[in-house]
Amino acid sequence: MISKKVNSVSEATEGIGDDMTFMFGGFGLSGIPENAISALVKSGVKGLTCISNNAGVDDFGLGLLLHQRQIKKMISSYVGENDEFERQMLSGELDVELIPQGTLAERCRAAQAGFPAFYTPAGYGTEVAEGKETREFDGKMYVLENAFKADYGFVKAWKGDEAGNLIFKGTARNFNPNMCGAAKITVAEVEELVPVGTLDPNQIHIPGIFVQRIFQGEKYEKRIEQRTVRTKNE
Amino acid sequence: MLDKTGIAKRIAKEVQDGYYVNLGIGIPTLVANYVREDIEVEFQSENGVLGMGPFPFEGEEDADVINAGKQTITTLPGASFFDSATSFSMIRGQHVDLTILGAMEVAENGDIANWKIPGRMVKGMGGAMDLVASAENIIVAMMHTNKRGESKLLKKCSLPLTGVGCVKKIVTNLAVLEVTEKGFKLLERAPGVSVEDIQNATEGELIVEGNVPEMII
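So the sequences go chain by chain: U and A.
All the letters of the first sequence, read from the start, carry residue numbers 1 to 234 under this note's numbering.
All the letters of the second sequence, read from the start, carry residue numbers 1001 to 1217 under this note's numbering.
Be aware that a few hints might be false.
[Stated by the list, open to error] So the derived label-pair ranges between C-beta atoms look like this:
no., chain 1, residue 1, chain 2, residue 2, range
1, A, Pro1213, U, Glu221, 19 to 29 Å
2, U, Leu90, A, Arg1148, 14 to 24 Å
3, U, Thr231, A, Gly1018, 25 to 35 Å
4, U, Gly47, A, Pro1118, 26 to 36 Å
Bear in mind the hints are in silico, worked out from the structure with no lab data behind them.
Don't be surprised by glycine CBs; every beta carbon is placed ideally from N, CA and C.
Using the sequences and the hints, build the whole thing.
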């Protein structure tokens, strides 16, 4: 067994520096690497390019890095629900590249799978396709999109083992599996780090080969963005 | 004239047995509440769930189980979770039968704009560009006019596009319309709404053929 285990979040984030490109798993606040984000906030690294579907909220998730002006550029598909983000974007302090959500996922997966680029119908005829190569296949138009290149990928899983094998839970899975192995170094944090041999190999979502460092997060707030419930008599 | 619930109820009639359906945020989300109970339908949410159920009971919310609107949800028997690339494989690969989404503007050639108002609002397209570029069957749910009373059914979209020539059907508070090569064909009127009312609220080419029936909800 090749061990990927590191003993702390600071060991997990070793080597990070200014002006790097980072990937972050998560959809909204669900499945975000909370502990890695906290460590990055503490580290003070700046000039970052961040690839993440969303940008957190004002006081949680990537909003914490935005608040400290550590992010130079965001590559996302949806960035509502964040006033500080909007302010920085409209004032021009923050560079923002908005791309279709499926394209974001596939640019991660392409990087993971060794494809330099792929054609997608998403965004054809819109400003997203401006300056990009387009091509017709069977009468339909497609846009050429490149694989991402990133220095670190920070992902969060439910369970993992020392070998780096990961299992995700619910919709907290989202972009996390697609980002594993898509950056030079994939850092996985898990709610529960179990001994090797404990996880059923049939149930592994991401094999440890895609993960370079794994650690158990100290704590998880798992904040809910839109708490919606019904009452028993409904 | 219909309210938002009325629009959702009318669209629910378009949902057929065996359909996999993706619902956008806003009015489309309401559609799930009005689908006939004697048919089998599965709702997909692009953040990674198929087989979405109703909102959880109070105290049973799970931060790890949400929809694309980031609302807490439940799952039904037979549901599955998956990653984002797989989710958009379902969408781009045309495995989803029906997409229902909102819009700021629709043009008579089927163009749609719903993600950006330059200089004012830039929230992003989320999964909308993937959905409209891929789906065979797209229904737009929206009010016929904006808050200033201006038509949202236009000759040409004024806002940045989400997709080109992709909308097939539109259900508004006033009417059901089909996008044809010649323009918006009026299929049904909302209760109490005249053809003239619809004409006045439609900037794009409106095609009226014969007697236009009132919709049944």
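To see whether the hints hold, each was checked on the structure:
In this structure, Pro1213 (chain A) and Glu221 (chain U) break the distance hint of 19 to 29 Å, their C-beta atoms being roughly 54 Å apart. Distance hint for Leu90 (chain U) and Arg1148 (chain A): a CB-CB separation of about 22 Å, consistent with the stated range 14 to 24 Å. Restraint check, Thr231 (chain U) to Gly1018 (chain A): a C-beta distance of roughly 32 Å satisfies the suggested window 25 to 35 Å. The given range of 26 to 36 Å is respected by Gly47 (chain U) and Pro1118 (chain A), whose C-beta atoms sit roughly 27 Å from each other.
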